[in-house]
Amino acid sequence: MVFNSLTFVVFFACVLALHSMPFGWTTKKVNLLVASYLFYAAWNPPFVILLWVSTVLDWYAAQKLVHAEKPSVRHFWMLLSVIANLGMLGYFKYGAFVLANFTALLSSLGVAYHPPAFDVALPVGISFYTFATMSYTLDVYLRRAKPATSFLDYALFVTFFPHLVAGPIMRPTELVPQFAEPRRATPDMLRFGLALMTLGLFQKIVLADSFLARAAEMIYDGDKIPGALDSWVATIAFSGQIFCDFAGYSTTAIGAAMCLGFAMPDNFRFPYAAIGFSDFWRRWHITLSAWLRDYLYIPLGGNRHGAARTYAALMTTMLLGGLWHGASWTFVIWGGLHGLYLAVERLLRSRFAGYRPGPSMLVVLGLMTYTLINVTWVFFRAHTFGKAWIVLGGMFGQNARAAPILPTVHLVMVTMIVGGILLAHWQMRNRTLESAVARVPATVLSGAWALMAFAIVMAQGDGHAFIYFQF
Amino acid sequence: MPSSTSSSDLAAEAEPAAEVRPGFVRLTASDRPGVAQPVPMRDIPPQPWNRIFVGAMLSAALLVAGAELYWRSYGATPSYRNSDGAWAAQRRRIDQGEGGKTVLIGSSRVLFDLQLPVWQKEAGQRPIQLALEGTSALPVLEDLADDPNFTGRLLVGVTPALFFSGRVMRGGVVKYFHREGLTQRTGQWLSSRLLEPFFAFDDPDFALATVVQRQPWPARPGAPSHIDVRKLSVSDADRNTHMWKKVEKDAEYRALARKIWTQTFAPPPPDASAPSPAEMQRIAGEQISRAAAAVTKLRARGAQVIFLRLPSAGPFLEFENRVTPRAQTWDVLLQRTGAPGIHFEDYPQLQGYTLPEWSHLAASEAERLTAALVPIVEAELRRHPVAAP
Chain A
1 MVFNSLTFVV FFACVLALHS MPFGWTTKKV NLLVASYLFY AAWNPPFVIL
51 LWVSTVLDWY AAQKLVHAEK PSVRHFWMLL SVIANLGMLG YFKYGAFVLA
101 NFTALLSSLG VAYHPPAFDV ALPVGISFYT FATMSYTLDV YLRRAKPATS
151 FLDYALFVTF FPHLVAGPIM RPTELVPQFA EPRRATPDML RFGLALMTLG
201 LFQKIVLADS FLARAAEMIY DGDKIPGALD SWVATIAFSG QIFCDFAGYS
251 TTAIGAAMCL GFAMPDNFRF PYAAIGFSDF WRRWHITLSA WLRDYLYIPL
301 GGNRHGAART YAALMTTMLL GGLWHGASWT FVIWGGLHGL YLAVERLLRS
351 RFAGYRPGPS MLVVLGLMTY TLINVTWVFF RAHTFGKAWI VLGGMFGQNA
401 RAAPILPTVH LVMVTMIVGG ILLAHWQMRN RTLESAVARV PATVLSGAWA
451 LMAFAIVMAQ GDGHAFIYFQ F
Chain B
1001 MPSSTSSSDL AAEAEPAAEV RPGFVRLTAS DRPGVAQPVP MRDIPPQPWN
1051 RIFVGAMLSA ALLVAGAELY WRSYGATPSY RNSDGAWAAQ RRRIDQGEGG
1101 KTVLIGSSRV LFDLQLPVWQ KEAGQRPIQL ALEGTSALPV LEDLADDPNF
1151 TGRLLVGVTP ALFFSGRVMR GGVVKYFHRE GLTQRTGQWL SSRLLEPFFA
1201 FDDPDFALAT VVQRQPWPAR PGAPSHIDVR KLSVSDADRN THMWKKVEKD
1251 AEYRALARKI WTQTFAPPPP DASAPSPAEM QRIAGEQISR AAAAVTKLRA
1301 RGAQVIFLRL PSAGPFLEFE NRVTPRAQTW DVLLQRTGAP GIHFEDYPQL
1351 QGYTLPEWSH LAASEAERLT AALVPIVEAE LRRHPVAAP
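Residue numbers (our numbering), protein chains in the order written: chain A, 1 to 471; chain B, 1001 to 1389.
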């Protein structure tokens, strides 16, 4: 079930109604659990089994390792959890990719190998809930957290529908304690939660789907060679689309949880106002970058074993982070570019440790960061390297004789919307949405909310899936 | 256990948080490396949220009401969406016990020109409408050929420029039907009961982005300019569809509809990707072969198939005769498939209708044509019986 659907509106109204009934807290949690399974089963009911497997496995592994006395036994249960989770993720998400590359490798060695078709559907959100359940076992193993005392609370942590399929990637310590005591949204929480949901859906349905997606599609999915203007406009359109799509999902999820009385963490902090790439990753998909830092980069040694090991850990983390997004080498290159950017930035920071840029230089550095991020989006958006090179060629003046493709309306709309996003991010770079909202007159808020709701209705979105569902 | 609280790890290694982000009222996981993340704290901005909420909802309702009034004054009336979900709902009927019925497939001419209530009155049974605008009948023909539940009578509309070129604007709908999930079915059910019968603005032609794109933006020199097809029809719950009154009554709108078709008649200068005449002939032959294979499958289990070429007029007919001459397309199709066919040029009772934009009949004319067509179809099918399997 997607947030931007009529089905979800009815589903959420039912869940809210049930949650406000005078039932016991345990009954309410069971209601939420059943609702979350329904939410997930609406895509493909059999995949609920995978969710159960992941839930039960990590619950059991955490229970076992916390009671184990020998380090080797603790180690065994942790490894079992990691291998089982990554094995499941690997089979469903990377099986076809591995097989295709294996076949290509054999072919390059002169061995003709024709494997049977690997036609396995990708369970929606598997990358998200696998990481969530793994963090539970790993936190318990690392003694950062105690295991949950209630299986119901733990199962609800894994399955809670606002974050289930596209994050924010929750840690057990963030959510399980919230299930311990009865929670119900106050009237203001409910209204602010609904306002956040409206904002999130406005970003997704109106900005991403209605006004930005088409320009990117015409260049990235078309068969014409784009010139410089078309390539840049399509790429910045995608930069806006993916932000509005994913941040829109996160905002809607945070709002939905708030309406039910729960708090979810920020996943985006105005990322296009980033100055440098470490700053970008503190603002973009925060819960994923923090997950990769805590469970991959730091265990790989982090920055505690000299420069070479630090760079190796950094690059490994970003390459795997790229691969997490999709089973394609283009995603690996996307991650690799970010790894390279982070490494160069680290080098420059160590060389120019005393440098403090002035206000105008900060703007220049911010624009440079955004421009370089757009280069990475080319590999994220293009389905093939061929297409990526064509668009990059266009961006850097290699397709000088290309005929114009995008009509004026797309040039204007993309420039206006993405320009507006950049200005808003820059204005908000050191603030939170809430701190800004607190200073706006109530009538302006009311009007803005009404306009967003009106635009959502008028946009008549037809339930496009969120981009990150495929990850 | 690794020491993981260093402040210079991955995302946190740029600078200490306090230096770079003064004014932040909330920390995130990026500020707390290598530790168990605490329960998030979310603040509610101090505002009169009740007043804001009520004001927003009332204003939004007023804006929506204004939009509804605007589109009604433009000539729109509430009607059902010709969506993938609506098509799938009709397609599903075949697998739910109605596989022996008459099914209509083809392009927009079958959709607009054949009126189900009239057919029901003339033949005693309401057909299932599965035609898709801008789309060759072939994908649906092949889908039904592969579905053993379908054993009825199949009317296959042939719009030459679509059928013989294999153009499928909505070819994805067959895949959609086979993969349609519970959410999508529920969404279709809710939309067709709660929204579509009541709101005129709820039409893809009036969607915000479509309206914005339709404004008179200055042309970008060198960029292709193409006007998309505008709203031409109105549909009922079971996809019974007829021409929108505005096309008939509004001369300016009708002129626009015609202008849009003329883009097809005079395509831009050929480029390297445009098929040559020989290539077009090959593609047409391929379509006919696919149709023949599907018809063979259908007839093998006793299903009856009849092809139908509905009227077109004026420049549209001239264009079709030029690009897809009957002798090289329609006649070959009937000969290769062995199925009967009804071409409007062969029947006086199928000629002389009003086609406001040259391709589809006016609503009242569609009723008249349907009444005239049903006896011809019945007679043709009687003349070409299919042996029981």
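Note that these hints are calculated values from the structure, not bench results. A few of these clues could be false.
Stated by the list, open to error - Okay, derived cross-link-like pairs now, EDC-like style, lysine to aspartate or glutamate, Cα gap no bigger than 20 Å in a straight line:
hint : chain 1 : residue 1 : chain 2 : residue 2
1    : B       : Lys1175   : A       : Asp153
2    : B       : Lys1231   : A       : Asp119
3    : B       : Lys1121   : B       : Asp1250
4    : B       : Lys1231   : B       : Asp1250
5    : B       : Lys1175   : A       : Asp119
6    : B       : Lys1245   : B       : Glu1367
7    : B       : Lys1297   : B       : Glu1286
8    : B       : Lys1121   : B       : Asp1236
9    : B       : Lys1175   : B       : Asp1228
Computed from a prediction, not measured in an experiment: that's the story for all the values here.
How the hints compare with the structure:
no.	hint	result
1	B:Lys1175 / A:Asp153	violated, 39 Å
2	B:Lys1231 / A:Asp119	violated, 39 Å
3	B:Lys1121 / B:Asp1250	violated, 31 Å
4	B:Lys1231 / B:Asp1250	holds, 13 Å
5	B:Lys1175 / A:Asp119	holds, 16 Å
6	B:Lys1245 / B:Glu1367	holds, 14 Å
7	B:Lys1297 / B:Glu1286	holds, 17 Å
8	B:Lys1121 / B:Asp1236	holds, 17 Å
9	B:Lys1175 / B:Asp1228	violated, 24 Å
Of the numbered hints listed earlier, those contradicted by the structure are 1, 2, 3 and 9.
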